[in-house]
Amino acid sequence: MGSAGSFGNRRAGGGYAATENQKTLDLLEQWTQGGRAPMYTVLRAVQMEIPPQMQFSTLFAGIREEDEVPKGSYYILRLNGRAQGELVAVEAKRKLNTDAEVRGFCGEVRLISSQREVGDSWTFALEGRRRAGGAQ
Amino acid sequence: MTWSALTKKQQQMVFATVILAGVQIFILAYFLGWMSPSNSPGGSAKEELNALQEKLDEARNVLGRSEIIAKGLEESIAKLEALEIYTPRRSDRYAWAYEYVSLRATRAGIELDNLEEILFLGDDKTKSANAPYEISVLTQCGYNDLIEFLWRLERGNMLLRIKEIEITRLPDTSLRQQVRIAVQWPGTLEIKRGTAK
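Those sequence lines, one after another, are chains C and L. Number 136 marks the last residue of the first sequence (the numbering used here); no jumps. Number 1197 marks the last residue of the second sequence (the numbering used here); no jumps.
Quick caveat, the hints were computed from the structure, so don't treat them as lab data. Note that this is a predicted model, so its numbers are computed, not measured. Hints should not be assumed to be uniformly reliable.
[What the hints assert, rightly or not] In silico lysine-lysine, DSS-like type, Cα no more than 27 Å apart, as pairs:
#1 L:Lys1046 - C:Lys23
#2 L:Lys1055 - C:Lys71
#3 C:Lys23 - L:Lys1192
#4 L:Lys1071 - C:Lys95
#5 L:Lys1055 - C:Lys23
#6 L:Lys1071 - L:Lys1192
#7 L:Lys1071 - L:Lys1055
#8 L:Lys1163 - L:Lys1079
#9 L:Lys1079 - C:Lys71
#10 L:Lys1079 - L:Lys1009
[Claimed, not checked] Computed spacing ranges between beta-carbons, pair by pair:
#11 L:Asp1113 - C:Gly119: 32 to 42 Å
#12 C:Ser57 - L:Ile1118: 19 to 29 Å
#13 C:Met48 - L:Asp1113: 40 to 50 Å
The C-beta atom is built at its ideal place from N, Cα and C for all residues, glycine as well.
Only chain C is shown next, with the shape it has when bound in the complex (with noise of 0.2 Å):
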């Protein structure tokens, strides 16, 4: 029966190839999903948040590996910059909260430091983070 078998070993390598296919599919519907928003709406959202007496002097925002309790990776925004005001970036972060896109992509903004600089002008750092995968 030597056709026989030449026709299971074409059904299994088709069955096998299938069945790696899918795992294929699968894995890039999880790349595509992600978990987050598009960049461009979470960058377009923090322009939209920040008012006008803050200036920032980096913005970080993306996913990356971090040494904490939970190891894993994190969706981040990181704003540095200053402020004329000294609740300013209270504000900020209030506004930055409210947004949808900012919460989805980094969950809560915390203002992590604030600081006189001089007169009423003061150095502030808001941060969110998001464990990848986790909830919102």
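Given chain C's structure and the hints, the job is docking chain L onto it.
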């Protein structure tokens, strides 16, 4: 005529005729399948027929399953081929990515300062093959132009992912910032085509 009236030779002939007739009846019954099927050639043929029928049913079953598998394989190949155009070609990934990013930068009014391939530095070949393909883009541009550039990058390719973006204010101007963007695509998109056909 009685048995005793026959000569001895006649008696022997009658006896032999009866024996011969009995043997002929037995042989006839044997070949017509009147006896136990397992002991006759006709019964053996039936068994063989049953066995062949079973094999035929099994083959039909295998053929049915094979058609389902072949259909599933064809569908998965078609889906992957539709996605393949969104990933850098394995042979010349950098040029492919460069062209894609550069074209969108020009449309957004941005001049690229540098576009660099991030190579996976590891000994594990399997991990290296499965690692995402990543490039780093450096530019100086305004915030609005940057948003348009990102929009063009992300909307034009469903498998492109902005891994991270870092914006740093330039000391001498507020109109432009220093920008670094890490862009990724899935590392491999291997389509298995099976051995059929």
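Quickly compare the C-alpha distance for lysine 1079 of chain L and lysine 71 of chain C to 27 Å and report which way the hint goes. 35 Å, violated
Between aspartate 1113 of chain L and glycine 119 of chain C, does the C-beta distance stay in 32 to 42 Å? 36 Å, holds
Between the alpha carbons of lysine 1071 of chain L and lysine 1192 of chain L, is the straight-line distance 27 Å or under? Holds, because 14 Å separates the two Cα atoms, which is no more than 27 Å.
Between lysine 1055 of chain L and lysine 23 of chain C, does the CA-CA distance stay at or below 27 Å? 34 Å, violated
Next pair to validate is lysine 1055 of chain L with lysine 71 of chain C; report whether the Cα-Cα distance is within 27 Å. With Cα atoms ~57 Å apart, lysine 1055 of chain L and lysine 71 of chain C exceed 27 Å; violated.
Given the proposed pairing of lysine 1079 of chain L with lysine 1009 of chain L, does the C-alpha separation stay at or below 27 Å? 96 Å, violated
Does lysine 1046 of chain L pair with lysine 23 of chain C here, judged by a C-alpha cut-off of 27 Å? 48 Å, violated
Assessment of proposed distance window 40 to 50 Å (beta carbons of methionine 48 of chain C, aspartate 1113 of chain L): 28 Å, violated
Is lysine 1071 of chain L close enough to lysine 95 of chain C, meaning Cα to Cα at most 27 Å? Not satisfied, since the Cα-Cα distance of roughly 52 Å exceeds 27 Å.
Pair hint lysine 23 of chain C and lysine 1192 of chain L, alpha-carbon separation not exceeding 27 Å: 11 Å, holds
Take the C-alpha atoms of lysine 1071 of chain L and lysine 1055 of chain L, compute the straight-line distance between them, and say whether it is at most 27 Å. 24 Å, holds
Could you tell me whether the CB distance from serine 57 of chain C to isoleucine 1118 of chain L stays inside 19 to 29 Å? Holds, at about 25 Å.
In summary, the structure is inconsistent with hints 1, 2, 4, 5, 9, 10, 13 from the numbered list given earlier, while agreeing with the others.
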